[in-house]
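Each chain, written out:
Protein chains: 2
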Amino acid sequence: MSNERLIYLPLGGAGEIGMNAYVYGYGAPGKERLILVDLGLTFPDMDTTPGVDLILPDITWLAERRDRLEAVFVTHAHEDHIGAVAQYYDRLGAPVYARAFTANLARRKMAEFGYPEKAVTTVAPWPEITQVGPFSVGYVPTSHSIPESSGLVIDTPGGRIVHTGDFKIDLTPGVGEPFDHALWESLAAPGVKALACDSTNVFSHHEGRSESTVAEPITNLVAQSGGMFVCTTFASNVARLKTLAEAGVRAGRSVCLMGRAMQRMVEAGHESGVITDFPPTITPEEAASVPRGSLMLIVTGSQGERRAASAQLAGGKYNGIVLKEGDTFLFSSKTIPGNERGVIRIMNKFSEMGVDVIEGDERYHVSGHANRPDLDVMHKLLKPQMVIPMHGEHRHLREHVKLAEANNLQGILAVNGMMIDLGGKAPKVAEYVETGRTYLDGSTRIGALDGVVRDRIRMALNGHVMVNIILDEEDDPLGDPWVETMGLAETGRSRTALVDVLEEDMSVFMGRAQKKVLSDDAKIEEGLRRVARQSTQREIGKRPEVTVVISRLTD
Amino acid sequence: MSNERLIYLPLGGAGEIGMNAYVYGYGAPGKERLILVDLGLTFPDMDTTPGVDLILPDITWLAERRDRLEAVFVTHAHEDHIGAVAQYYDRLGAPVYARAFTANLARRKMAEFGYPEKAVTTVAPWPEITQVGPFSVGYVPTSHSIPESSGLVIDTPGGRIVHTGDFKIDLTPGVGEPFDHALWESLAAPGVKALACDSTNVFSHHEGRSESTVAEPITNLVAQSGGMFVCTTFASNVARLKTLAEAGVRAGRSVCLMGRAMQRMVEAGHESGVITDFPPTITPEEAASVPRGSLMLIVTGSQGERRAASAQLAGGKYNGIVLKEGDTFLFSSKTIPGNERGVIRIMNKFSEMGVDVIEGDERYHVSGHANRPDLDVMHKLLKPQMVIPMHGEHRHLREHVKLAEANNLQGILAVNGMMIDLGGKAPKVAEYVETGRTYLDGSTRIGALDGVVRDRIRMALNGHVMVNIILDEEDDPLGDPWVETMGLAETGRSRTALVDVLEEDMSVFMGRAQKKVLSDDAKIEEGLRRVARQSTQREIGKRPEVTVVISRLTD
Numbered sequence: 057m058s059n060e061r062l063i064y065l066p067l068g069g070a071g072e073i074g075m076n077a078y079v080y081g082y083g084a085p086g087k088e089r090l091i092l093v094d095l096g097l098t099f100p101d102m103d104t105t106p107g108v109d110l111i112l113p114d115i116t117w118l119a120e121r122r123d124r125l126e127a128v129f130v131t132h133a134h135e136d137h138i139g140a141v142a143q144y145y146d147r148l149g150a151p152v153y154a155r156a157f158t159a160n161l162a163r164r165k166m167a168e169f170g171y172p173e174k175a176v177t178t179v180a181p182w183p184e185i186t187q188v189g190p191f192s193v194g195y196v197p198t199s200h201s202i203p204e205s206s207g208l209v210i211d212t213p214g215g216r217i218v219h220t221g222d223f224k225i226d227l228t229p230g231v232g233e234p235f236d237h238a239l240w241e242s243l244a245a246p247g248v249k250a251l252a253c254d255s256t257n258v259f260s261h262h263e264g265r266s267e268s269t270v271a272e273p274i275t276n277l278v279a280q281s282g283g284m285f286v287c288t289t290f291a292s293n294v295a296r297l298k299t300l301a302e303a304g305v306r307a308g309r310s311v312c313l314m315g316r317a318m319q320r321m322v323e324a325g326h327e328s329g330v331i332t333d334f335p336p337t338i339t340p341e342e343a344a345s346v347p348r349g350s351l352m353l354i355v356t357g358s359q360g361e362r363r364a365a366s367a368q369l370a371g372g373k374y375n376g377i378v379l380k381e382g383d384t385f386l387f388s389s390k391t392i393p394g395n396e397r398g399v400i401r402i403m404n405k406f407s408e409m410g411v412d413v414i415e416g417d418e419r420y421h422v423s424g425h426a427n428r429p430d431l432d433v434m435h436k437l438l439k440p441q442m443v444i445p446m447h448g449e450h451r452h453l454r455e456h457v458k459l460a461e462a463n464n465l466q467g468i469l470a471v472n473g474m475m476i477d478l479g480g481k482a483p484k485v486a487e488y489v490e491t492g493r494t495y496l497d498g499s500t501r502i503g504a505l506d507g508v509v510r511d512r513i514r515m516a517l518n519g520h521v522m523v524n525i526i527l528d529e530e531d532d533p534l535g536d537p538w539v540e541t542m543g544l545a546e547t548g549r550s551r552t553a554l555v556d557v558l559e560e561d562m563s564v565f566m567g568r569a570q571k572k573v574l575s576d577d578a579k580i581e582e583g584l585r586r587v588a589r590q591s592t593q594r595e596i597g598k599r600p601e602v603t604v605v606i607s608r609l610t611d
Numbered sequence: 057m058s059n060e061r062l063i064y065l066p067l068g069g070a071g072e073i074g075m076n077a078y079v080y081g082y083g084a085p086g087k088e089r090l091i092l093v094d095l096g097l098t099f100p101d102m103d104t105t106p107g108v109d110l111i112l113p114d115i116t117w118l119a120e121r122r123d124r125l126e127a128v129f130v131t132h133a134h135e136d137h138i139g140a141v142a143q144y145y146d147r148l149g150a151p152v153y154a155r156a157f158t159a160n161l162a163r164r165k166m167a168e169f170g171y172p173e174k175a176v177t178t179v180a181p182w183p184e185i186t187q188v189g190p191f192s193v194g195y196v197p198t199s200h201s202i203p204e205s206s207g208l209v210i211d212t213p214g215g216r217i218v219h220t221g222d223f224k225i226d227l228t229p230g231v232g233e234p235f236d237h238a239l240w241e242s243l244a245a246p247g248v249k250a251l252a253c254d255s256t257n258v259f260s261h262h263e264g265r266s267e268s269t270v271a272e273p274i275t276n277l278v279a280q281s282g283g284m285f286v287c288t289t290f291a292s293n294v295a296r297l298k299t300l301a302e303a304g305v306r307a308g309r310s311v312c313l314m315g316r317a318m319q320r321m322v323e324a325g326h327e328s329g330v331i332t333d334f335p336p337t338i339t340p341e342e343a344a345s346v347p348r349g350s351l352m353l354i355v356t357g358s359q360g361e362r363r364a365a366s367a368q369l370a371g372g373k374y375n376g377i378v379l380k381e382g383d384t385f386l387f388s389s390k391t392i393p394g395n396e397r398g399v400i401r402i403m404n405k406f407s408e409m410g411v412d413v414i415e416g417d418e419r420y421h422v423s424g425h426a427n428r429p430d431l432d433v434m435h436k437l438l439k440p441q442m443v444i445p446m447h448g449e450h451r452h453l454r455e456h457v458k459l460a461e462a463n464n465l466q467g468i469l470a471v472n473g474m475m476i477d478l479g480g481k482a483p484k485v486a487e488y489v490e491t492g493r494t495y496l497d498g499s500t501r502i503g504a505l506d507g508v509v510r511d512r513i514r515m516a517l518n519g520h521v522m523v524n525i526i527l528d529e530e531d532d533p534l535g536d537p538w539v540e541t542m543g544l545a546e547t548g549r550s551r552t553a554l555v556d557v558l559e560e561d562m563s564v565f566m567g568r569a570q571k572k573v574l575s576d577d578a579k580i581e582e583g584l585r586r587v588a589r590q591s592t593q594r595e596i597g598k599r600p601e602v603t604v605v606i607s608r609l610t611d
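Chains A and B supply the protein sequences, listed in that same order.
According to this note's numbering, the first sequence is numbered sequentially starting from 57.
According to this note's numbering, the second sequence is numbered sequentially starting from 57.
Hints are all accurate, no fakes.
Derived contacts from chain A toward chain B, CB cut-off under 7 Å, selection only:
#: 1; residue: M102
#: 2; residue: M403
#: 3; residue: E449
#: 4; residue: G498
#: 5; residue: I502
#: 6; residue: R512
#: 7; residue: L517
#: 8; residue: M522
#: 9; residue: N524
#: 10; residue: G548
#: 11; residue: I596
It should be emphasised that the hints constitute simulated quantities derived from the structure, not laboratory data.
Computed from a predicted model, the values in this text were never measured in an experiment.
Every residue, glycine too, gets a C-beta built ideally from N, C-alpha and C.
Construct the complete structure from the given sequences, taking the supplied hints into account.
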């Protein structure tokens with residue numbers, strides 16, 4: 057037994073919020089049998105990933121060891137936990153396990169890629185367990201902002217690991233199971249080797265609030281509103297959808313869900329049995345003919361996403377509906393840092409239409425993650441030998457380690473790529489594994505360091521100059537260099553067209569170039585690039601990207 | 057007199073926060089004499105303005121009427137009020153007026169452009185007035201987050217306008233004049249036609265807090281901290297700099313200001329006399345040899361700006377200083393919406409270094425703008441005939457109109473380009489003027505709608521394909537099309553190099569093209585662009601920007 061080890065290796069989610077992917081392994085070093093907990097994605101932004109469609113964890117390490125991978129266990133159906141399951145099924149091929157609601161959504165993703173239903177296995181909650189290789193894995197219900205979110209009990213010959221997944225401590229979550237202190241405490245009975253624990257809200261010092269606390273404020277708000285009432289939240293927050301819909305019905309309004317994600321979630325909720333008593337809803341077609349004072353829309357796009365229903369409504373007509381003076385739009389959500397601009401854009405468009413917007417009001421939203429006092433509760437219930445903070449940026453993980461230590465527990469700060477040996481009394485770094493990000497770009501996966509996106513950013517910041525020259529069989533220029541620009545001012549300092557200035561300067565360069573330059577493509581390119589940069593700098597104060605194309609006539 | 061009118065025309069700042077520029081006019085319609093209040097700029101972002109250096113208001117309307125422009129009055133030295141004064145001195149040429157501290161900074165800007173000192177005139181505060189054309193303009197001291205911020209009393213034959221500038225109601229602002237209720241109330245004596253009023257914090261429902269409230273918490277924090285103490289705030293918040301420096305000195309630390317903006321502000325404060333008792337500071341060179349427990353740095357970069365001192369420190373060494381475990385970094389500031397990602401990036405880098413970061417803690421920062429109850433106070437002190445909300449996005453202006461109406465005052469929602477006739481009992485729209493944004497891009501000014509930045513964004517989102525073909529005197533292709541790509545994956549679906557696939561497809565197109573196509577550059581370009589897009593879409597799922605260069609041999 058002493059030859060075997062128990063390891064933890066985050067490939068995503070540790071040192072960032074997004075694209076969770078946590079490997080556990082047990083066995084002889086280098087031959088451990090492996091499981092993967094969650095396989096999520098994260099979303100691009102214009103600053104760092106323009107044009108990218110989705111960001112996936114780089115799972116090269118795991119793909120190269122797929123023969124040792126027993127299974128993928130998905131804790132819940134948020135995109136940062138489930139989003140890459142189908143994207144990477146080709147590279148991992150391991151069976152995927154999840155509870156009913158999550159499995160329903162995972163199968164929809166698999167279907168989009170043409171993978172079979174049986175790629176995903178539905179599991180029942182703890183105390184049922186799934187045995188794969190040396191691992192016994194049980195799904196322990198917890199509360200979060202999506203149905204059937206679960207922590208995992210991972211029993212191995214090296215000891216028990218409890219992986220919280222995303223959680224909060226909510227005794228009245230509306231939809232789904234309440235947090236069960238006794239159940240969680242019972243997990244500690246055989247002793248817990250390591251607690252891998254959500255760190256998202258470690259900086260929130262007050263006790264978390266229950267989902268149920270938003271019902272009354274929302275109900276009052278809807279009841280007081282005159283015109284059409286429109287609200288947005290995360291589509292996956294089924295409990296919130298229900299609260300919102302119930303408030304609408306109570307105020308005598310017909311309720312309509314708009315946006316594909318919204319409809320998909322409610323469908324999955326019904327199919328998997330987590331939704332049993334959702335208020336009646338009407339279709340968008342029916343909604344168009346309901347008087348506005350009798351209508352409530354629940355729409356996608358709480359983060360200001362450009363293609364979602366909220367942005368469409370802010371832009372004008374959507375599904376035949378136009379908002380106007382006297383209507384109300386509620387963000388029953390929190391704006392994730394980085395999405396502020398998009399949300400503010402929508403708020404101002406609604407303001408221009410005369411719509412009253414309510415955003416950032418704590419009465420109408422609660423977080424789905426455990427706050428600091430709730431993390432304390434989790435530490436105390438599980439009494440683990442060590443705490444491994446996860447699901448957080450570096451600052452969250454670091455703070456969570458401090459919190460663990462304040463609770464007299466060992467903590468270890470492990471970021472993506474740090475393989476931790478959990479075998480000893482104290483956790484220790486066993487190895488550093490190369491990790492990173494893979495971009496889904498159009499239909500292709502590219503590496504974050506391939507330079508493709510870097511080049512896009514450079515073109516966006518600096519503009520692009522294309523230079524074209526033709527040389528004959530004797531290496532003599534045939535005509536003058538030809539220049540096109542994109543993303544650069546047309547004229548600058550000299551008030552002559554920039555392309556004319558550049559062509560002139562390049563003609564001079566070519567005219568002066570010696571044979572040994574003209575016979576050498578690399579030298580010509582280097583020279584013309586330098587001229588293009590210098591002349592553009594002088595004319596308009598920018599140093600552009602330059603592409604030089606040299607054509608040589610040889611026939 | 058009945059032929060003359062009093063007008064208000066925002067060219068920037070109304071419907072946005074940033075680049076303030078408010079025109080007032082008095083005279084016969086179309087012949088009004090004009091003054092401009094403030095001439096600011098705003099900052100670009102990667103989402104909408106990649107590569108742009110600064111964003112200025114489009115002042116074409118005013119430049120075309122510069123013979124009627126009497127003067128530019130700057131209320132205070134924040135960049136969104138003063139930033140374009142020198143940038144546009146060539147186009148407006150009007151004398152610039154400001155109080156001493158603001159004028160000091162305005163002159164520094166003028167000097168950078170080679171304009172003379174006398175372009176800026178220093179004025180004394182109310183009751184002194186400056187007479188230009190039909191306007192008598194007085195500077196009324198107010199409290200804000202920069203020294204000598206002032207409201208303007210603008211007396212005209214058509215009545216008195218009070219333009220608040222940016223303000224808060226602070227009786228103990230630390231540096232600069234406290235808000236003087238009696239003084240402001242006295243302005244109402246002759247009757248106020250219109251109150252143009254700051255709207256920034258109209259959604260903040262609690263009474264604003266004084267600058268002085270942060271002193272004790274900051275002092276306690278510094279006293280409790282062990283290692284080096286580093287803090288950042290807006291360089292222009294001289295009162296805060298003083299509070300921070302005093303806390304440092306009280307804790308027995310040597311204080312060092314780092315970052316050019318920081319040093320410039322303190323210098324201007326001393327030169328203009330607004331700083332009289334700033335604690336002693338040491339130079340960065342001296343700081344490098346002070347033991348870390350005895351050192352406090354006050355640095356630029358509270359908004360995560362990449363080149364500022366905070367980002368440099370987060371990146372490693374700066375001015376010989378390296379932060380480490382046990383040090384503390386305080387953001388004595390608020391992150392402006394849109395800047396979150398930059399600030400978070402820095403926080404995580406500090407976390408990696410082991411530095412404790414304090415951010416978003418209300419105890420260590422107060423806003424410089426009047427909250428909703430303070431706006432009520434201003435409305436009641438001035439009792440204007442009409443309220444014109446300014447300095448706000450659309451949603452702020454709209455809410456401020458509602459607030460005015462709740463206070464039984466007329467309000468008008470005027471966004472950039474709406475010329476308001478203030479002459480009658482109620483304000484009314486006289487005209488719509490074309491306004492917009494001008495980009496300083498490198499050393500050139502370009503229009504926001506010129507397409508230059510749009511092209512950059514397209515290249516960033518879609519990548520760029522450059523196609524090159526040569527045709528001989530008979531319109532026959534000479535060799536095959538030549539393709540280069542930038543910002544696109546190298547291979548896709550077919551596992552062949554994308555450029556090879558594109559060249560192949562284009563060769564096929566050229567081979568099949570008829571004479572009437574080959575003789576027509578526009579037709580060739582259209583065809584090759586279509587092929588490039590279709591083939592790239594098929595290969596990698598993207599529709600790139602395409603530049604086609606056709607060279608024809610004619611000699």
